[in-house]
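If you're matching them up, the sequences are chains A and B in order. Quick note: the first sequence uses the numbering used here, first residue 126, plus one each step. Quick note: the second sequence uses the numbering used here, first residue 607, plus one each step.
Hints are computed from structural coordinates only; laboratory data are not their basis. Owing to the predicted nature of the structure, the values given are computational and were not obtained by experimental measurement. For every residue, glycine included, the Cβ atom is placed at its ideal position computed from N, Cα and C. Worth double-checking, as some hints may not be accurate.
To be verified - Think about it this way: if two alpha-carbon atoms lie no more than 16 angstroms apart in a straight line, the pair counts; the simulated EDC-like pairs of lysine to aspartate or glutamate are:
hint	chain 1	residue 1	chain 2	residue 2
1	A	234	A	181
2	B	648	A	181
3	A	195	A	211
4	A	128	A	143
5	A	128	B	650
6	B	684	A	135
To be verified - Just so you have them, the derived chain B footprint on chain A, three or more residues with Cβ under 8 angstroms:
hint	region
7	170 to 182
8	228 to 239
If you want the building blocks of each chain, they are given just below.
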Amino acid sequence: AQKVTQAQTEISVVEKEDVTLDCVYETRDTTYYLFWYKQPPSGELVFLIRRNSFDEQNEISGRYSWNFQKSTSSFNFTITASQVVDSAVYFCALSEVSGGSNYKLTFGKGTLLTVNP
Amino acid sequence: EPEVTQTPSHQVTQMGQEVILRCVPISNHLYFYWYRQILGQKVEFLVSFYNNEISEKSEIFDDQFSVERPDGSNFTLKIRSTKLEDSAMYFCASRERPGARYEQYFGPGTRLTVT
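From just these sequences and the hints, can you work out the full model?
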C-alpha cells in the first residue's frame with residue numbers, strides 16, 4: 126500500500142529564511158507520481174507541482190524548488206527567501222499508476238509552515 | 607480559467623440528518639473524486655467515480671455514503687445519517703483523463719459541522 130510521511134508537523138521561520146519541507150513515500154509501483162499541495166488558512170488546496178517517477182531532475186519555480194531522490198524515496202520541497210504569504214499547510218501526495226485508472230491521491234499529514242515577519 | 611465549484615461552503619446539520627454536498631466539476635472532465643479532511647488532519651480519499659459508477663472507494667466510504675451524478679454537471683456526495691465524526695472539510699476533485707500525470711483539480715471544499 127502506498128504511504129506518504131511528512132515527519133515535520135510544524136515549522137516556524139523568520140521571513141527571508143530558506144526552509145525545506147521533507148516528504149518520504151512508500152510504494153510498490155515502479156511508476157508513480159508525486160505532488161505538493163498548499164493549503165492556506167482559507168482552506169482550499171492549491172496544486173504546486175507534479176513529478177513522475179522517471180524524472181529525477183530537480184525543478185525550480187521562482188522561490189520554490191523540489192528535490193526528488195528515488196534512492197531515498199524522498200521528494201523534498203524548499204522555499205527560498207520565505208515570505209509571510211508562504212504561511213500555510215503543505216501536503217505531499219502520491220498517486221500510483223497501477224490498479225486501473227482511479228489514480229487516487231494519498232496524502233501525507235502535512236507540515237504547517239509559519240513565516241514570521 | 608475553469609474551476610471546480612462546491613456548495614455550500616459551510617453546512618451545519620444535526621446528528622442523524624441527511625446532507626447532500628454538491629460539486630460542479632470542470633466541464634470536460636470525466637473522473638471525479640471526493641476527499642475528506644478532518645480538522646487538523648490529512649486529506650483522505652473517499653471515493654472515485656467514472657462512467658456513472660464508483661470505480662474505487664475507501665474504508666471510510668461505508669453504507670452511509672453515496673455519490674451520484676444526477677445530470678451532466680453536478681456530482682453529489684450524500685451522507686444519509688450524519689454522525690459527529692463526519693464533521694470535516696469535504697473536497698471534490700475532477701480530472702480530465704485517465705492517468706496520474708493528469709492533475710486532479712480540487713474545489714474549495716465544504717465544511718460540514720455535525721452537532
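Taking the hints in turn, this is what the structure says about them:
Simply put, residue 234 of chain A and residue 181 of chain A have alpha-carbon atoms about 24 angstroms apart, too far for the 16 angstroms limit, and the pair is violated. Between residue 648 of chain B and residue 181 of chain A the alpha-carbon distance is near 26 angstroms, which puts this suggested pair outside the 16 angstroms criterion. Straight-line distance between C-alpha atoms of residue 195 of chain A and residue 211 of chain A comes to about 27 angstroms, which puts the hinted pair past the 16 angstroms bound. Restraint check: the Cα-Cα separation between residue 128 of chain A and residue 143 of chain A comes to about 27 angstroms, which exceeds 16 angstroms; the hinted pair is violated.
Simply put, residue 128 of chain A and residue 650 of chain B have alpha-carbon atoms about 12 angstroms apart, close enough for the 16 angstroms limit, and the pair holds. In summary, the hint linking residue 684 of chain B to residue 135 of chain A is not supported, as the alpha carbons are separated by about 34 angstroms, beyond the 16 angstroms threshold. For a cut-off of 8 angstroms, the count of residues in the region 170 to 182 of chain A with a CB near a CB of chain B stands at 4, and the three-residue condition holds. A stretch counts as covered by a chain when three or more of its residues have a beta carbon under 8 angstroms from one of that chain; for the region 228 to 239 of chain A and chain B the count is 8, and the coverage holds.
In summary, the numbered hints that this structure violates are 1, 2, 3, 4 and 6.
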